[in-house]
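If you read the sequences in order, they're chains U and W. Sequence positions in the first sequence follow our numbering and run 1 to 257. Sequence positions in the second sequence follow our numbering and run 1 to 284.
No wet-lab data here; the hints were simulated from the structure. Idealized CB from N, CA, C, for every residue including glycine. Treat the hints loosely; a few may be bogus.
To be verified - Just some of the chain W residues that point at chain U, by a computed CB distance under 10 Å:
| # | residue |
| --- | --- |
| 1 | V225 |
| 2 | D229 |
| 3 | E230 |
| 4 | H232 |
| 5 | I233 |
| 6 | F234 |
| 7 | Y235 |
| 8 | M237 |
| 9 | E242 |
| 10 | A245 |
| 11 | I250 |
| 12 | L252 |
| 13 | E256 |
| 14 | P257 |
| 15 | V259 |
| 16 | A260 |
As the list claims (entries may be wrong) - Covered by chain W, per the in silico footprint, the following chain U stretches (three or more residues, Cβ under 8 Å):
| # | segment |
| --- | --- |
| 17 | 71 to 80 |
| 18 | 90 to 96 |
| 19 | 132 to 140 |
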Amino acid sequence: MSKRGLVISGLHAAVDGKEILKGIDLTVEPGKVHALMGPNGSGKSTLAFAMSGHPNYEVQSGTVVLDGTSLLELSADKRARAGLFLSFQYPAAIPGVSVANFIRTARMAIKPDDLPPAKFRALIYEKLDVLDMDPAFLSRYVNDGFSGGEKKRLEMLQLAILGPKYAVLDETDSGLDVDALQSVGRSIGAMRTTDDGKDTGFLIITHYPRILRYVPADVVHIMMDGRIVKTGGPDLAERVEAEGYDGIREEVVGGVA
Amino acid sequence: MASPSATVPGSVIEIPPGATEERVLDYDVAGEIPHTVVNVGAGARVSILERLHGATTNDVTAVTEINAAENAHVSYTVLETVAHGTTVTSRRTSNAAAGAHVAWNVALLGHGTVTDEIVAEQNGGGTECEVAGLFFPVAREVVQLTTEVRHNVPHTTSQTVVRSIAAGRGRGRYFGNIRIAPHAHGSEASLRDDTLLIGKDAKIDAIPALEIAANDVKAFHGATVGAVDEEHIFYLMSRGIERDAAEKLIALGFFEPVVARFPDEALRAEVRALLEEKLAGARR
Numbered sequence: 001m002s003k004r005g006l007v008i009s010g011l012h013a014a015v016d017g018k019e020i021l022k023g024i025d026l027t028v029e030p031g032k033v034h035a036l037m038g039p040n041g042s043g044k045s046t047l048a049f050a051m052s053g054h055p056n057y058e059v060q061s062g063t064v065v066l067d068g069t070s071l072l073e074l075s076a077d078k079r080a081r082a083g084l085f086l087s088f089q090y091p092a093a094i095p096g097v098s099v100a101n102f103i104r105t106a107r108m109a110i111k112p113d114d115l116p117p118a119k120f121r122a123l124i125y126e127k128l129d130v131l132d133m134d135p136a137f138l139s140r141y142v143n144d145g146f147s148g149g150e151k152k153r154l155e156m157l158q159l160a161i162l163g164p165k166y167a168v169l170d171e172t173d174s175g176l177d178v179d180a181l182q183s184v185g186r187s188i189g190a191m192r193t194t195d196d197g198k199d200t201g202f203l204i205i206t207h208y209p210r211i212l213r214y215v216p217a218d219v220v221h222i223m224m225d226g227r228i229v230k231t232g233g234p235d236l237a238e239r240v241e242a243e244g245y246d247g248i249r250e251e252v253v254g255g256v257a
Numbered sequence: 001m002a003s004p005s006a007t008v009p010g011s012v013i014e015i016p017p018g019a020t021e022e023r024v025l026d027y028d029v030a031g032e033i034p035h036t037v038v039n040v041g042a043g044a045r046v047s048i049l050e051r052l053h054g055a056t057t058n059d060v061t062a063v064t065e066i067n068a069a070e071n072a073h074v075s076y077t078v079l080e081t082v083a084h085g086t087t088v089t090s091r092r093t094s095n096a097a098a099g100a101h102v103a104w105n106v107a108l109l110g111h112g113t114v115t116d117e118i119v120a121e122q123n124g125g126g127t128e129c130e131v132a133g134l135f136f137p138v139a140r141e142v143v144q145l146t147t148e149v150r151h152n153v154p155h156t157t158s159q160t161v162v163r164s165i166a167a168g169r170g171r172g173r174y175f176g177n178i179r180i181a182p183h184a185h186g187s188e189a190s191l192r193d194d195t196l197l198i199g200k201d202a203k204i205d206a207i208p209a210l211e212i213a214a215n216d217v218k219a220f221h222g223a224t225v226g227a228v229d230e231e232h233i234f235y236l237m238s239r240g241i242e243r244d245a246a247e248k249l250i251a252l253g254f255f256e257p258v259v260a261r262f263p264d265e266a267l268r269a270e271v272r273a274l275l276e277e278k279l280a281g282a283r284r
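All chains, full assembly: derive it from the sequences and hints.
Put into structure tokens, the structure is as follows:
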């Protein structure tokens, strides 16, 4: 019986031959919210893509284990079926494929035959409501002509419907106004009260601390130059807000990494 | 009111002025000669579906001629599903008088060797022409589609949209032609063709030709050709969908802008089902 959790150990990864992740160790426990903060270019999104199995991100060494399943040998779809979800910062537009068809296909892939069509429909409508989304959304093509906020809401709708074991949210707050951010916070909050979602562990990747007002973090990590340089409680996010990243950079310069 | 759908043999169809009708032409190439002349009276509206199917070792020649009088509305849809080993060459023409609207919708989804040519003559002011075409050669199927819209007089408009996918050793060729005559000023024409290739052995050549002899016209041409975008596949796979299923979703979606132009929902559903069947049989 393996230990539960999303366990990243000694992860090194490169893009186009350039090493971006220089040894990441991080464990997200079931039901916990971890925030991964850091300045632009520190490697936060690379971590998200490397874990999810994007073909352009080459893992050089290290492991990622989800509740005992080693992910790095698996294709992206198998990682998702093992229980990993990535909310994209810039999700792809797929013209001609309706949101309804896409979400139904994804749900069937991840949780085959678990819901009769009527209940699935009820579930979608319930989640749409929490996210302040018009049901007309369902017949639109996936992200095709969507505003930035609509794209992020669609990612959150998928998160709520797919109910993963671990969710990595890559800059979900970027480009969102306060209303949209509140709906996202409500949606994640609602998800965490369900039987399906109460054990979901979150890794929230963000540049700014403001999303953490809506989804409070249990643990905050600071990433710089491909390494996690500091880990602490929610107060660490407050420090980032007050001082920016420069204060922390000065503190860690000289070998704390 | 539309008359009930009727199946009639290839022949001359007369639509009286002002009438509204729907027709289905069912041509089994093994026994019937798919020759059709449609004379549409002034102000009449007609929607015709030609089903072209069956198997034969004889070379089949299909001919369609549409004559649309003033202000007539004609929608002519071809659903070709001939069997493997069958060769069909079609030539289809429309002649539109002033104010007439002609829509050609062509789905070439059979398993044979098919050459289809559409020539739309716009002979009166205010004519509008829409051409929507799709084809999908898989295995060793060969499909060639030619569309040509001729703006012969001033103030005519046309819109051509063609989408094609080839998979396996499927071969396709599309000739998209727009001709605007020297005195046909004020005309507007657009031509859009997009092609997707699945697997390294699939091939489609798209060859546009715009001959614009008049000044003061608007003409647009846009085209893409390429493989399925890996970022799209990754996005779907990150939601648990297997690679093959992801490719299938993207490919079906790719045809949607053309499928959406087909005139009724039952027909659109049938076209989608045929596309799915093709995809299921497609080899990379």
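Structure-based check of each hint:
1. Taking 10 Å as the C-beta cut-off, the interface hint given for W/V225 is violated, the closest approach to chain U being about 16 Å.
2. About 7 Å separates the beta-carbon of W/D229 from the nearest beta-carbon of chain U, less than 10 Å, and the hint is met.
3. The interface hint given for W/E230 is met, as the beta carbon of that residue sits about 7 Å from the closest beta carbon of chain U, less than 10 Å.
4. A least Cβ separation of about 5 Å between W/H232 and chain U falls short of the 10 Å threshold, and the interface hint therefore holds.
5. The interface hint given for W/I233 is met, as the beta carbon of that residue sits about 9 Å from the closest beta carbon of chain U, less than 10 Å.
6. The closest approach between the C-beta of W/F234 and any C-beta of chain U is roughly 6 Å, which is under the 10 Å cut-off, so the hint is satisfied.
7. The interface hint given for W/Y235 is met, as the beta carbon of that residue sits about 4 Å from the closest beta carbon of chain U, less than 10 Å.
8. Given the 10 Å rule on beta carbons, the hint for W/M237 holds: about 4 Å separates it from the nearest Cβ of chain U.
9. Below 10 Å, beta-carbon pairs count as interface contacts, and W/E242 has one with chain U at about 5 Å; its hint therefore holds.
10. Satisfaction of the interface hint for W/A245 is found here, the shortest Cβ-Cβ separation to chain U being roughly 7 Å, below the 10 Å cut-off.
11. The beta carbon of W/I250 is positioned within 10 Å of a beta carbon in chain U (closest approach about 6 Å), and the interface hint is therefore held.
12. This hint holds: W/L252 has a C-beta 7 Å from the nearest C-beta of chain U, less than the 10 Å allowed.
13. Taken as an interface hint, W/E256 checks out: its beta carbon lies about 3 Å from the nearest beta carbon of chain U, inside 10 Å.
14. At a threshold of 10 Å, the smallest CB-CB gap from W/P257 to chain U is about 7 Å, leaving the interface hint in force.
15. Hint on W/V259 holds. Least Cβ distance to chain U is approximately 9 Å, under the 10 Å limit.
16. At its closest, the beta carbon of W/A260 sits 9 Å from a beta carbon of chain U; the interface hint therefore holds under the 10 Å criterion.
17. Counting residues of the segment 71 to 80 of chain U whose C-beta lies closer than 8 Å to any C-beta of chain W gives 5; at least three are required, and the coverage claim holds.
18. Coverage of the segment 90 to 96 of chain U by chain W holds in this model, with 5 residues showing a Cβ closer than 8 Å to a Cβ of that chain against a need of three.
19. Chain W is given as covering the segment 132 to 140 of chain U, and this is violated because 0 residues of the stretch bring a CB closer than 8 Å to a CB of that chain, at least three being needed.
The structure fails hints 1, 19 (numbered hints given earlier, in ascending order).
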